[in-house]
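Participant: Sequence:
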Amino acid sequence: RITGVCELPLAIASCPLGAVKPAKATVDGEEIKSVSVTVERCMFCGNCYTMCPAMPMADPEGDGIAILVGGKVSNTRSEPKFSKLVIPFLPNNTPRWPETVEAVKKILEAYAKDAKKYERVGEWAERISWERFFEKCDIPFTEKSIDDYRLAYNTWRTTTQFKFSSHIK
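In the numbering used here, the protein residues as written are 1 to 169.
Because the hints were derived from the structure by calculation, they are not lab data. In this text, all values refer to a predicted model and were calculated from it rather than measured experimentally. Keep in mind that a hint or two might mislead.
Claimed, not checked - No farther apart than 20 Å at their CA atoms in a straight line, the calculated lysine to any residue pairs in the SDA-like style are these:
(1) 144 - 126
(2) 116 - 136
(3) 72 - 124
To be verified - Estimated spans, in silico, between C-beta atoms of each pair:
(4) 142 - 10: 33 to 43 Å
(5) 46 - 89: 11 to 21 Å
(6) 33 - 93: 16 to 26 Å
(7) 114 - 23: 47 to 57 Å
(8) 89 - 44: 39 to 49 Å
(9) 25 - 102: 28 to 38 Å
Just so you know, even glycine gets a beta-carbon here, dropped at the ideal spot from N, CA and C.
Please construct the entire structure, taking both the sequences and the accompanying hints into account.
Facilitator: Here is the structure:
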């Protein structure tokens, strides 16, 4: 599965401990070039997976992709914001990730149809409300999408955008 998707020398060279080695695998009676991971040497840093998402360490049944929307770092127009979890799990079906592509397309198509010019996805979601965001994007709302970030109170009003209003009567 890795052959034809990734550059094998790059995946092998990315391992700082040399746990990724070239190997041969037999698929449908045909011998192909692949890699093997020596688990005893692997420190699970993810370098090889960064270079090649189809690495054998990816577990298609247990690993997944989460989609977060609305985060921003800059102070332009509004304060920085944390992103919100909108889809907690999608299967990790490499190399084309069809479920992930479909979910992102649904979000972007709804955004393109409804957003104002130069409006960010998160700004659009806040303007129409997150409840309507889930409806317009046809994403089921689950209990995992509830925003319960523990440090929210520590980060509340800690931006340069905060304006003191004690002088206003």
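Participant: Against each hint, give a clear statement of whether it holds in the structure.
Facilitator: Taking the hints in turn, this is what the structure says about them:
1. 144 - 126: Holds, because 19 Å separates the two Cα atoms, which is no more than 20 Å.
2. 116 - 136: holds (15 Å)
3. 72 - 124: With Cα atoms ~13 Å apart, residue 72 and residue 124 stay inside 20 Å; holds.
4. 142 - 10: 33 to 43 Å: Roughly 37 Å apart at Cβ, these two residues keep to the hinted range, so it holds.
5. 46 - 89: 11 to 21 Å: holds (19 Å)
6. 33 - 93: 16 to 26 Å: holds (22 Å)
7. 114 - 23: 47 to 57 Å: Holds: the Cβ-Cβ distance is about 50 Å, inside 47 to 57 Å.
8. 89 - 44: 39 to 49 Å: Given about 21 Å between the Cβ atoms, the range is violated.
9. 25 - 102: 28 to 38 Å: holds (30 Å)
In this structure, only the earlier hint numbered 8 is contradicted, and the remaining ones agree with it.
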